[in-house]
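Sequences are here, hints too, so could you generate the full structure?
Chains as they are written, first to last, in the numbering used here: chain A, 1 to 430; chain B, 431 to 687.
Possibly wrong hints are sitting among the right ones.
Quick list of in silico lysine to any residue cross-link-like pairs, SDA-like style, CA-CA up to 20 Å [said to hold, decoys possible]: (1) K570(B) <-> D405(A); (2) K344(A) <-> V396(A); (3) K570(B) <-> A410(A); (4) K570(B) <-> R406(A); (5) K664(B) <-> R677(B); (6) K570(B) <-> S628(B); (7) K570(B) <-> E401(A).
Simulated from the structure, these hints should not be mistaken for lab results.
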Amino acid sequence: MTSTTRDLITDLSTSHGEPGWLRERRAAAWHVYETTPAPTWSDEEWRRTDTSWVDWDGAAPAANGADPARLALPMEVSSASVLLRQRGSMVEVLYTSPEARDAGVTVVSLAAAADSDGDTVADRLGTDLAPPSAGKLQAMNAALWSGGAFVRVPEGAKLTAPIVIVIDAADQPIFPRTLVSTGAGSSADVLEWWRSSQAATPGLANGCVELFVGAGSKLSYTHVQAWGGHAGSFLTQYASVARDAELATTNVTLGGRFHKGAIAATLTGPGANVRLNGMAYLDGEQFADHHTLQDHRTTDAASDLLYVNVLDGSARSVYAGTIMVQPHAQRSNAYQQNRNLMLKRGPRADSIPRLEIMADDVRCTHGSTTSTIDPMHLYYLGSRGLGLDQARSLIVDGTFEPVLDRIPDATVRSAVRTAVRAKLHGTAAA
Amino acid sequence: MTATNGQTTLSIRDLHVSVEDAEILRGVTLDIPAGEVHALMGPNGSGKSTLANALMGHPAYEITAGQVHFKGQDVLELETDERARLGMFLAFQYPAEIPGVRVASFLRLALNARRETEISVMEFRRLLMEKMQMLRMDPKFASRYLNEGFSGGEKKRNEILQLAVLEPELAILDETDSGLDIDALRIVADGVNRLRGSDLGVLVITHYQRLLNYIEPDRVHVLIDGRVVESGGKELAERLEAEGYERYGAAAASEDA
Ligand SMILES: Nc1ncnc2c1ncn2[C@@H]1O[C@H](COP(=O)(O)OP(=O)(O)OP(=O)(O)O)[C@@H](O)[C@H]1O
Ligand SMILES: [Mg+2]
Numbered sequence: 001m002t003s004t005t006r007d008l009i010t011d012l013s014t015s016h017g018e019p020g021w022l023r024e025r026r027a028a029a030w031h032v033y034e035t036t037p038a039p040t041w042s043d044e045e046w047r048r049t050d051t052s053w054v055d056w057d058g059a060a061p062a063a064n065g066a067d068p069a070r071l072a073l074p075m076e077v078s079s080a081s082v083l084l085r086q087r088g089s090m091v092e093v094l095y096t097s098p099e100a101r102d103a104g105v106t107v108v109s110l111a112a113a114a115d116s117d118g119d120t121v122a123d124r125l126g127t128d129l130a131p132p133s134a135g136k137l138q139a140m141n142a143a144l145w146s147g148g149a150f151v152r153v154p155e156g157a158k159l160t161a162p163i164v165i166v167i168d169a170a171d172q173p174i175f176p177r178t179l180v181s182t183g184a185g186s187s188a189d190v191l192e193w194w195r196s197s198q199a200a201t202p203g204l205a206n207g208c209v210e211l212f213v214g215a216g217s218k219l220s221y222t223h224v225q226a227w228g229g230h231a232g233s234f235l236t237q238y239a240s241v242a243r244d245a246e247l248a249t250t251n252v253t254l255g256g257r258f259h260k261g262a263i264a265a266t267l268t269g270p271g272a273n274v275r276l277n278g279m280a281y282l283d284g285e286q287f288a289d290h291h292t293l294q295d296h297r298t299t300d301a302a303s304d305l306l307y308v309n310v311l312d313g314s315a316r317s318v319y320a321g322t323i324m325v326q327p328h329a330q331r332s333n334a335y336q337q338n339r340n341l342m343l344k345r346g347p348r349a350d351s352i353p354r355l356e357i358m359a360d361d362v363r364c365t366h367g368s369t370t371s372t373i374d375p376m377h378l379y380y381l382g383s384r385g386l387g388l389d390q391a392r393s394l395i396v397d398g399t400f401e402p403v404l405d406r407i408p409d410a411t412v413r414s415a416v417r418t419a420v421r422a423k424l425h426g427t428a429a430a
Numbered sequence: 431m432t433a434t435n436g437q438t439t440l441s442i443r444d445l446h447v448s449v450e451d452a453e454i455l456r457g458v459t460l461d462i463p464a465g466e467v468h469a470l471m472g473p474n475g476s477g478k479s480t481l482a483n484a485l486m487g488h489p490a491y492e493i494t495a496g497q498v499h500f501k502g503q504d505v506l507e508l509e510t511d512e513r514a515r516l517g518m519f520l521a522f523q524y525p526a527e528i529p530g531v532r533v534a535s536f537l538r539l540a541l542n543a544r545r546e547t548e549i550s551v552m553e554f555r556r557l558l559m560e561k562m563q564m565l566r567m568d569p570k571f572a573s574r575y576l577n578e579g580f581s582g583g584e585k586k587r588n589e590i591l592q593l594a595v596l597e598p599e600l601a602i603l604d605e606t607d608s609g610l611d612i613d614a615l616r617i618v619a620d621g622v623n624r625l626r627g628s629d630l631g632v633l634v635i636t637h638y639q640r641l642l643n644y645i646e647p648d649r650v651h652v653l654i655d656g657r658v659v660e661s662g663g664k665e666l667a668e669r670l671e672a673e674g675y676e677r678y679g680a681a682a683a684s685e686d687a
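Here it is as structure tokens:
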């Protein structure tokens, strides 16, 4: 049965006209997938995270079947510099601004880029950052991804509007894949948004994002997971950040019943500066697990992490973050904070910080807080005329605000804020 | 704005309040007619803030007996936010810090809660800037998180900013003067005086005559051990300033709370 899946992968790759190297990589990745055991409770990373619902044997290329729901775009098309939309496996670029065209920015499907930018893609796709050997999920994605997004910002190009990637799924497995690379001295904001209707949701979504942040460039990458109710999703998001480059990633987790994010940034050159931000708003039976890694492999670099979870109903969150400072990485500056706000007695938040500091001249701190809404805050807001619901939602908004504040692009920030408020106020998120 | 001059807007009758089973207020009776400024003085721990918070509906204070009416309504039946929307306002002795909530967005919501039609963002902006200018507050406070990292005096000014924007009919100022510099004190007093003579009733809780030099009270009440033991004109405050609370005996123990 599994060998037929490999044939299917190869046949599909051939019928899509993919280059030979990609076909071989898919086949090799599938082999890794088949030979890598599924995560179990006994793996430290998966101790709190139940993956027994995943049908590991049933994994197969996404079929081009049902049409995803037609959802309104999260912003005016013209407020993006490029807008790429993937529906199922079909990718189309809906808009390219004159600015983006003049700057020579490339935003195409990854499948197309495997041809048009073959060398770059071959060099970077699943090689250094998220190779199949990283784990069963990464191998699964490497074998099965379809569509995909490729973003290349050329040296020196500075975009003032965000590049927007929208992934719309129907009720079938989906394997999104994104590769972003920024040239020296360039600057760009990228927003990736995973969506489905509430009714038709992918039982399994397994995405992989690789971010190559070139020397002296600035990249802000924001990811919104807004699947409908029953989706189960995995996100691998690995970045490498070169000398004097700045990266800010923000992961916004709103939808689905299960979400696992593996987020890592490797600082490779002095002067690299990384901000890893995250916010999850979970209610009902939702579960979200974020594992993060700030990997300092160079001297004189800084990383700062802030992950905020707000939990209602009987939701559960896991935050596990590692700061790793390699032996030679002197004068590293690393900070990590996880805040959890419980709106009820029912939810549970686990917070597991880990420091692995192998250099001696470093500044590293971490902190974690888990709290409920302070009744004195409700009283204060009430004394100004705000009712209980209004006061609570203001406090929830306020809890997320420091994360929103770290999204540099105003268009992205306001789209995210709107999505969070929509969920908070019970209107279905777009 | 139905109150007419001379008509009592706030009426407190034999109010008993307990905190964690300890009785703090032991029968307070007090009237504040519309348009009047009353001062409440008393030693540390005598129950002044307890009274202020009980009037506003603080969840930790249990009313065990007595009545409070404001504009003819039974206040004790109302939630805190309903009292606020009825026109009551408390400038806190220790305002809460609420991270992530910006002064401007919070205050616009609060104002809208008191209005029948929403104020436009532009119009609110103009109003807020005007009031901040009046209070000589740096406009950048509008986008700061509510009281977070504010100095003591900045918090007090922020309370008065809210008072100025929300325009309540009863303002309780709980030691708004402590922590304020002389200029700020005068600005706050000017603000209160400007609203005087209208329907605004004011209860000023203070330890110092200084504020009362700027805001001349119509009446002064002395609270000792949870009871109003004496009421009089503004000269009562002057006497307290000179003599302290020793003449009331029971209070001698309250050197410092
Ligand atoms: N939440 C509370 N829990 C326990 N005790 C309280 C609480 N609030 C007030 N008290 C007690 O009630 C008494 C009155 O306190 P209150 O704050 O009303 O005094 P005050 O007159 O405002 O004093 P000050 O001049 O120092 O502000 C004090 O003994 C205080 O310790
Ligand atoms: Mg007090």
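For each hint, the structure was consulted:
A hinted pair counts as satisfied when its Cα atoms are at most 20 Å apart, and K570(B) with D405(A) qualifies at roughly 16 Å. For the proposed pair K344(A) and V396(A), the alpha carbon gap of about 13 Å is at most 20 Å, so the pair holds. About 19 Å separates the Cα atoms of K570(B) and A410(A), which keeps this hinted pair within 20 Å; it holds. For the given pair, K570(B) sits about 18 Å from R406(A) by alpha-carbon distance, which is consistent with the 20 Å threshold.
With a CA separation close to 18 Å, the supplied pair K664(B) and R677(B) stays within the 20 Å bound. For the hint pairing K570(B) with S628(B), the CA-to-CA distance comes to about 31 Å; that exceeds 20 Å, so the pair is violated. Of the supplied pair hints, the one linking K570(B) and E401(A) holds, its CA atoms being roughly 17 Å apart against a limit of 20 Å.
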